[in-house]
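Visitor: Next come the chains, spelled out residue by residue.
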Amino acid sequence: MKKTKSFLSSFVINVPIMLLSITCFFPVVWLIYSSVKTDAEFTVNPSAFPTKIHLDNYMNAFKRANFGTFTFNSLLNSMIALTLVLIISFTLGYLLSRYRFKGRNLIYGTLMASMMIPVYALIVPVFIQEKNLGFLNTRFSLIPIYVALELPTAVFLIDGYLKSISIDLEDAAAIDGASLPRIMFTIMMPISKPILSTIIILTFMHVWNEFAFAQVLLTDEKIKTIPIGLTYFTSQYSTSYTLLLAALAMATIPVIIIYLFFYNKIMEGMMAGAIKG
Amino acid sequence: MNIREIQNKKQYAWIYTLVLIPFIYFLFVMIVPLGTSIYYSLTKWKGVGSPKFIGLHNYITLIKTPDFWLVTRNTLILCIVCTIGQVGIALLIAFLMTFKKLRFKTFHRAVIFFPVVMAAIVVGYVWRFIYNSNYGLLNTFLMRIGKADWIRYWLDDKSIVLGMVSIPVIWQYIGLYMIILMSAISAIPQEVFECAEIDGCTGYKKSIYITLPMIWDTLKICIILCASGTMKIYDHLVALTNGGPGRATESLAMYCYEYTFKFGNFGMGAAIAVTILIFAFTIAGIIQLVMGGKKK
Chain X
1 MKKTKSFLSS FVINVPIMLL SITCFFPVVW LIYSSVKTDA EFTVNPSAFP TKIHLDNYMN
61 AFKRANFGTF TFNSLLNSMI ALTLVLIISF TLGYLLSRYR FKGRNLIYGT LMASMMIPVY
121 ALIVPVFIQE KNLGFLNTRF SLIPIYVALE LPTAVFLIDG YLKSISIDLE DAAAIDGASL
181 PRIMFTIMMP ISKPILSTII ILTFMHVWNE FAFAQVLLTD EKIKTIPIGL TYFTSQYSTS
241 YTLLLAALAM ATIPVIIIYL FFYNKIMEGM MAGAIKG
Chain G
1 MNIREIQNKK QYAWIYTLVL IPFIYFLFVM IVPLGTSIYY SLTKWKGVGS PKFIGLHNYI
61 TLIKTPDFWL VTRNTLILCI VCTIGQVGIA LLIAFLMTFK KLRFKTFHRA VIFFPVVMAA
121 IVVGYVWRFI YNSNYGLLNT FLMRIGKADW IRYWLDDKSI VLGMVSIPVI WQYIGLYMII
181 LMSAISAIPQ EVFECAEIDG CTGYKKSIYI TLPMIWDTLK ICIILCASGT MKIYDHLVAL
241 TNGGPGRATE SLAMYCYEYT FKFGNFGMGA AIAVTILIFA FTIAGIIQLV MGGKKK
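Protein chains in written order, with UniProt numbering: chain X, 1 to 277; chain G, 1 to 296.
Mixed in with the good hints, there may be bad ones.
Not the full set, but computed from the structure, chain X residues with beta-carbon under 7 Å of chain G [to be verified]:
| no. | residue |
| --- | --- |
| 1 | Asn14 |
| 2 | Ser21 |
| 3 | Pro46 |
| 4 | Ser47 |
| 5 | Tyr99 |
| 6 | Met116 |
| 7 | Phe211 |
| 8 | Ala212 |
| 9 | Val255 |
| 10 | Tyr259 |
Anything over 12 Å on all C-beta distances counts as not near chain G; from chain X, calculated [what the hints assert, rightly or not]:
| no. | residue |
| --- | --- |
| 11 | Val36 |
| 12 | Ile53 |
| 13 | Gly68 |
| 14 | Leu76 |
| 15 | Ser197 |
Since the hints were made in silico from the structure, they are not lab data. Don't be surprised by glycine CBs; every beta carbon is placed ideally from N, CA and C.
Work out the full structure: start from the sequences and follow the hints.
Guide: Next up, the structure:
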């Protein structure tokens, strides 16, 4: 009797979570295997595995919709934004965490409160600001805003991480005559690697996936990014379902690769005392 | 606390330079536009010429427009449903993760977090395929298990579409709040649980009476983040339904985009954006009030 009860309770606990887990990766698996089917095969049975691998959809996506250009633009945006976010957020995060000076709380508070601002309150004025500066529709139009959007979270994470690290090493280096920038960038930055890799992943994902600003600030085909490219496949090329699937798969595969590589780092960083209320 | 003292004037100079340069840049890109937005919302402006100050006129027009209330209703419903769904399910899973009976914990953690890193727009399109009435996975599945009479036009039926679009949103972000709550749970000292077990507190009781009060503050942050995040929902809806059928799934953010970039009415667009901000702050305030400031 006790055994059946314990079996039942473990059934009740395990099965729903297992079902949820399956729904979390099945759509992605389905997306990838469906993207190598032909349209005819897809219409007959959308859930069946492909009988033969067709890469035509990928070729078409590259040729007909400039997917190569979009990928390049997204990569370029992500890399530049990433570098800037790392340098700026580390500088700010380190100084705000380690030193108390006049205005420190005001600056920290402003950064934290701005996490609440919906990007939609910013899009119109940023659009106009960039238009007035003649900065609209250039290759780098999106980068300043992406960097600013990522800063509060990054500073918050770095501040939380540094709180748990003792200042002994910095004091020792200071006695040896190391200057402040030197201590920051050659000693403390390498120590902060776990939290910096979390920031790398979060920033990469956000910039790679960002849609709203990219849609508004860029109209030139040559500089558009992947999320915008995806919308083309439902309007201009709406006849082919598998072509859209291939495009979606192409937008997702880099993210999957990064996730698989850095998964442990994400968890470590998130668990490292980042968000503890 | 790990705080260092500032030793000399030179160091002061360094610190202020290194802090103020990025901060002024931040003000310029984030806070100044916010101020400009508030100003534009008080003007009549179509993007050309100079804005004409008209006070609260835009807001009054907005309040008198029935469509505004429709999209506000949609957004608020989505906000409530998604917050309860995301944080609720995440909390439940985070609790279950502390149970010894649950198997494959690492696997679950990795897989449930995965959708978080996908682009919202990709999630939207993938779920559009799931809901598709002819080729959709959902209808194919219902056909397979012999429940053909359950088949619906999931995204074309006005009475169910709002519920249908909230499922992908909930599905995508469960993992994020799960991880945040799990990290809060892992920070609770082990002795607390041991004492509770000695006193005979086990299973779900342990979750409700020990874990929940200990992670209350984190839970509050999750709910605030989630609610204010859902207030500005946009990408998912563009990919799933583009607001249709009619305006049945249009959100405030989409309404704002429409006014600004389709009708070119910048003043009105800014007023809607400011309204979103006011809603987000109000909701955050209400949650703060209901869930208490600092709970011991």
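Visitor: Hints first: check each against the structure and report whether it holds.
Guide: Against the structure, the hints:
1. Below 7 Å, beta-carbon pairs count as interface contacts, and Asn14 (chain X) has one with chain G at about 6 Å; its hint therefore holds.
2. Because the closest C-beta pair between Ser21 (chain X) and chain G is about 5 Å apart, less than 7 Å, the hint holds.
3. Interface restraint check for Pro46 (chain X): the shortest CB-CB distance to chain G comes to about 4 Å, inside 7 Å, so the restraint holds.
4. Contact between Ser47 (chain X) and chain G, as hinted, is supported at the beta carbon level, the nearest pair being about 5 Å apart and thus within 7 Å.
5. Taken as an interface hint, Tyr99 (chain X) checks out: its beta carbon lies about 6 Å from the nearest beta carbon of chain G, inside 7 Å.
6. This hint holds: Met116 (chain X) has a C-beta 6 Å from the nearest C-beta of chain G, less than the 7 Å allowed.
7. Given the 7 Å rule on beta carbons, the hint for Phe211 (chain X) holds: about 5 Å separates it from the nearest Cβ of chain G.
8. Annotation: Ala212 (chain X) was flagged as interfacial toward chain G, and the flag holds, the nearest CB pair being 6 Å apart, inside 7 Å.
9. For the restraint placing Val255 (chain X) at the interface with chain G, the shortest Cβ-Cβ distance is roughly 5 Å, inside the 7 Å limit, so the hint holds.
10. Taking 7 Å as the C-beta cut-off, the interface hint given for Tyr259 (chain X) holds, the closest approach to chain G being about 5 Å.
11. Distance check on Val36 (chain X): its Cβ is at least 15 Å (rounded) from any Cβ of chain G, clearing the 12 Å threshold; non-interface status holds.
12. No beta-carbon of chain G comes within 12 Å of the beta-carbon of Ile53 (chain X); the shortest separation is about 20 Å.
13. The beta carbon of Gly68 (chain X) sits about 18 Å from the closest Cβ of chain G, which is more than 12 Å, so the claim that it is off the interface holds.
14. Remark: the non-interface label on Leu76 (chain X) is consistent with the geometry, its nearest Cβ contact in chain G lying 17 Å away (cut-off 12 Å).
15. Distance check for Ser197 (chain X) against chain G: the nearest CB is about 14 Å away, which clears 12 Å, and the non-interface claim stands.
In summary, the structure agrees with every hint in the numbered list given earlier.
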